[in-house]
Structures are given as structure tokens and as C-alpha cells.
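J.: Sequence:
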Amino acid sequence: MEIEITKLAPDNACWQTMKSQVSDGFSPDIVFMFGDTDTIKQPKYYEQVRARYPQANIMGSSTSGNILGAEVSKSSLVLTAVSFDSAQVKLLSMDIDNNDTSEEIELELTRLVNRLTTDNIKQLFVLSDGLNINGSQLLRGLNKGATVSVTGGLAGDGNRFEETFVIANAPATSHRIAILAFYGDSLTTSDGYYGGWSEFGAERIITKSKENIVYEIDGKPALDLYKNYLGEYAEDLPNSGLRFPLSINQDEGNLEVIRTLLAIDEEMKSITFAGDVPQGCRARLMKPDLDILVDGAGVAAKNVIKHNNKPALSLVVSCVGRKIIMGQMVEEELEALERELGTNVQLCGFYSYGEISPISSTHAESSLHNQTIALTTIYED
1 MEIEITKLAP DNACWQTMKS QVSDGFSPDI VFMFGDTDTI KQPKYYEQVR
51 ARYPQANIMG SSTSGNILGA EVSKSSLVLT AVSFDSAQVK LLSMDIDNND
101 TSEEIELELT RLVNRLTTDN IKQLFVLSDG LNINGSQLLR GLNKGATVSV
151 TGGLAGDGNR FEETFVIANA PATSHRIAIL AFYGDSLTTS DGYYGGWSEF
201 GAERIITKSK ENIVYEIDGK PALDLYKNYL GEYAEDLPNS GLRFPLSINQ
251 DEGNLEVIRT LLAIDEEMKS ITFAGDVPQG CRARLMKPDL DILVDGAGVA
301 AKNVIKHNNK PALSLVVSCV GRKIIMGQMV EEELEALERE LGTNVQLCGF
351 YSYGEISPIS STHAESSLHN QTIALTTIYE D
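In our numbering, the protein residues as written are 1 to 381.
Worth flagging that the hints you see were computed from the coordinates, not collected in a lab.
All residues carry an ideal CB built from backbone N, CA and C; glycine is no exception.
All the pointers check out, no bait thrown in.
Label-pair distances were calculated between CB atoms; the ranges are: (1) R339 x E365: 28 to 36 Å; (2) R52 x Q88: 18 to 26 Å; (3) I292 x D224: 24 to 32 Å; (4) N344 x K287: 34 to 42 Å.
Restricting the straight-line Cα-Cα distance to at most 25 Å, the calculated cross-link-like pairs of lysine to any residue (SDA-like) are: (5) K310 x G25; (6) K310 x D85; (7) K310 x T17; (8) K144 x T188; (9) K74 x E331; (10) K269 x G201; (11) K19 x N169; (12) K310 x T343; (13) K306 x Y183; (14) K122 x K306; (15) K208 x K220; (16) K227 x A202; (17) K227 x N249; (18) K74 x M18; (19) K227 x I325; (20) K269 x R204; (21) K208 x K287; (22) K19 x T39; (23) K90 x G145; (24) K210 x D95; (25) K144 x T117; (26) K227 x C281; (27) K41 x V72; (28) K90 x Y183; (29) K287 x Q250; (30) K41 x A51; (31) K90 x I121; (32) K122 x S27; (33) K7 x R339; (34) K7 x E71; (35) K122 x H307; (36) K208 x C281; (37) K306 x E338; (38) K269 x E162; (39) K310 x E335; (40) K227 x I213.
My request is simple: use the sequences and hints to build the entire structure.
T.: Next comes the structure, spelled out in C-alpha cells:
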């Protein structure tokens, strides 16, 4: 495996190669392209990357922060170009329409995954529009067809929550889902995730909801209850909701998942979350603990099985809520990853509106997570 790292210069006028220990004639199989919304949505930058790597698959998204090594890059666009020794990749995508039903979206996703599935498939990595697609619907469609681990994330838009974009061998557009499949017996993949938030307040029951929109909690308007808990932070909703996600558990004995607040409706007194919040499930608000958040990255990395000391890639998807809470400490979680994984593993990724990863090594299906950090690490023999 060979990896080349490039970023857009501060004046957005040229590209700067940051790391390039590659052989002559380097021709990557896949280029990951992550960037700020206002930059990545301009078609000219995709065309520049296409000209630079004419034979490569190009996959990427808008973000809430670009991860390059153990840093949150100040560059508005970053590229990680990867060439495998013998492994292969295949990239497919689909665009959804606001009129598409949940069933239609899930069915088409399953068909897409089936097209990618062969005997030597090792991993699926997914990037999706972060605002126009219900993350739980996304996972239902993916899980129905997947025979291997599914990881990835929802595109971000800083802390604006206005528009998100995905790239899949074409200029960036909204309403897109991209799925990348990795193939080959030479590949070993491993994934892990961790949160690091603490529950507080009384346990509540979601008494009225539809998919990812919650109308009532304990029989009271959801937005009113949330505002009562948030106190002074309520004035800054929905942005301040990133500080106080919701922990939900549908059945006794099930692992809990975290849901991030995406939008509010003052008229309906409702809250829209990044994924489904089923009616009848139990829920509690959560709050951050900085030390636990930073340590969480190391915990996620410990779940990754280290295969060899050759150059390797770790795709990192971390929630924008973590980045906002940690502030200047945000790079400490990336440094913790690098210490645990080793300097032979190149970190590449972004801060997102949702993370995709299996809940545990014993839970085959992947889930949508929020306020977590999720890793997909790829080694080649």
C-alpha cells in the first residue's frame, strides 16, 4: 500500500503535497477528498483532482472539520490517495429525491450493496448526505444487503446545518449516497467506535414520534422539555443541542445508541434527530466529560486489531459535537489514536453529522451513532 497526502494551499490557488513516499508511476485506486462545504461544492476542485488522478476512484464529502494525520487541517480541502499492491475497490452511488419513500430508498440501497457483493469483498465504507437522509433508513437498506462490516459517516457542514455534499466519481452534490467496497485476500480490515458521554436527569419515555422526529416525551412537548433541561443553552438551539445528545434504548438488555439533535420546529414543538427515535423507547439526556471524550478515542483504537507494521490507512469519522465540546483540545483525541495505532497508520477522515459502525464485535449489523468516534483501519499484506 502506498499513500500520498495533498492539501489545498491557504489561498486555494494550488495543491501542496504533504507526504509522498510513492513509487514512480503512482496511480491510486482511491482518493478520499474531504473539505469545507463552500469549497468542496465548487465543481472546479473535483475537476482538478480528476486531472491529477485520472484513473482513480474519487470519494468524499463536505465536513465539519478535515482530519489529516493527528491534526484538524486548516486547509479547506484535503486529499488522501491510496494505491493497493493487489487489492481492489469499487465505488457506486445513488441520488435520492425528496419524494422517495423510506421503502424505496431502503430497497435501492440494498440493490446497490448486492451489486457490490462478491466472494472476496472485505469491507464497505459509506458516505451520505448528512441532512436530507434519515440515517436509520440508510442503515436499514445497507444492512439488508451487506455480508461484511459497514462503516462510514454522514457529511457535515461545519456547525451551520444548512447543506451537505457527497462526491462519488463526479462533482459534489447533495442528496447523494456513496458506497465503496474493498476486495482482496491481501486486505485485513478492523473497526471500532466509542462515545464518552455521561447520562444525566431522569429516564424518560418517548411517547410520540415518527421515524427521526420526536413530538412528545413523557406526554409533554419534546421541545419544551429539552429547553427546560438546557437552561441558558436553550437560546442557541439547535446548535447547542450538540452539547446534549439523547441516549435511547428500545429494549431491556439492548445496547444504547446516541442521537444528535439536528433541527427544531417551534410551531410543532418537535425535535428532529439524525436517526430514528422509536415511540415507546426509553431515553435520557447526555452531557460531555472532556477527559472521557479524549480517552474515548484511545478506547476506539484499542478495538482495532493491529495486523502488521506496513503502511496502513485508518478512516476516522468523529462527530462535530465532540469537536465543538473539546475546542482546542480536539487534536488530543487524534493524537491518542496515533499513539495507539502507530505512526505506520495514516489517519484520514472528517468531523461528521453521524457515524456508522457495528455496535460491537459480536453484533454483526452496523448502526448509526452520534457523538462518537468511529474507525475503519485497513492493512494489506
